[in-house]
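**Student:** Sequence:
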Amino acid sequence: MPISFSCSTLRGRGTTRCSSRRPAATRPSPGSCRARLRLAASLAPRSIGGIALRYEPSAVAGVPEIAGHLHPGARIARRGEGMRRKCFATDGHRLMMPAFGAYAGGLNVLDDAFSPLFHWQLMEAWLTGRSGVYPLQASMLLPD
Numbered sequence: 003m004p005i006s007f008s009c010s011t012l013r014g015r016g017t018t019r020c021s022s023r024r025p026a027a028t029r030p031s032p033g034s035c036r037a038r039l040r041l042a043a044s045l046a047p048r049s050i051g052g053i054a055l056r057y058e059p060s061a062v063a064g065v066p067e068i069a070g071h072l073h074p075g076a077r078i079a080r081r082g083e084g085m086r087r088k089c090f091a092t093d094g095h096r097l098m099m100p101a102f103g104a105y106a107g108g109l110n111v112l113d114d115a116f117s118p119l120f121h122w123q124l125m126e127a128w129l130t131g132r133s134g135v136y137p138l139q140a141s142m143l144l145p146d
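When you read off a place in the sequence shown, starting at 1, and then add 2, the result is the number in the working numbering.
Treat the hints loosely; a few may be bogus.
To be verified - Distance windows between CB atoms, simulated: (1) 106 x 84: 32 to 40 Å; (2) 52 x 84: 37 to 45 Å; (3) 79 x 113: 16 to 24 Å; (4) 60 x 123: 17 to 25 Å; (5) 62 x 133: 22 to 30 Å; (6) 49 x 94: 14 to 22 Å; (7) 136 x 63: 23 to 31 Å; (8) 81 x 61: 35 to 43 Å; (9) 81 x 49: 38 to 46 Å; (10) 79 x 123: 16 to 24 Å; (11) 48 x 106: 15 to 23 Å.
To be clear, the hints were calculated from the coordinates, so they are not data collected in a lab.
For glycine and all other residues, C-beta sits at the position ideal for the given N, C-alpha and C.
Model the full structure from these sequences, guided by the hints.
**Tutor:** Okay, here's the thing in structure tokens:
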């Protein structure tokens, strides 16, 4: 069973046991709950060279950070057609990482969830492509 980052124990709302509201057939085994708890401990913010590494971005701007969780995507117009790509998003202080899995669609960087995280005058999206990563200013991005 894959470990899910959206498990209630990771959000701090759960307990040290699995939810009993799930039907028995779909309830994770106790071993997988322990794995989730170990994973939650490993998701605690770390710091390397003054840059915080964390799963969820902090709500307040503090030290520079690299985070995931929202997994940004961006939409642009190219040759008259809309194109959407996974992207890195940054304002020079915070970097949000895209998800590279097949099931993670990515949240548009223009979504309200990103509003408090960036200084928008400085925000850039670095779109992933077949042969590289391409920087674009926020003014070139389109909503979904």
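**Student:** Work down the list of hints and note, for each, if the structure agrees.
**Tutor:** Comparing the hints with the structure gives:
At roughly 20 Å, the beta-carbon separation of residue 106 and residue 84 lies outside the given 32 to 40 Å, and the hint is violated. The supplied range of 37 to 45 Å is met by residue 52 and residue 84, whose beta-carbon atoms lie about 39 Å from each other. Distance hint check: the CB atoms of residue 79 and residue 113 are about 18 Å apart, consistent with the given range 16 to 24 Å. As the Cβ distance of residue 60 to residue 123 is approximately 20 Å, the hint placing it in 17 to 25 Å holds.
With their beta carbons about 38 Å apart, residue 62 and residue 133 fall outside the hinted range of 22 to 30 Å. Distance hint for residue 49 and residue 94: a CB-CB separation of about 18 Å, consistent with the stated range 14 to 22 Å. The given range of 23 to 31 Å is respected by residue 136 and residue 63, whose C-beta atoms sit roughly 26 Å from each other. At roughly 39 Å, the beta carbons of residue 81 and residue 61 sit within the given window of 35 to 43 Å.
Restraint check, residue 81 to residue 49: a C-beta distance of roughly 43 Å satisfies the suggested window 38 to 46 Å. For the pair residue 79 and residue 123, the beta carbons lie near 22 Å from each other, so the given range of 16 to 24 Å is met. In this structure the supplied range 15 to 23 Å holds for residue 48 paired with residue 106, their Cβ-Cβ distance being about 22 Å.
Comparing the model with each earlier hint shows violations of hints 1 and 5; every other hint is respected.
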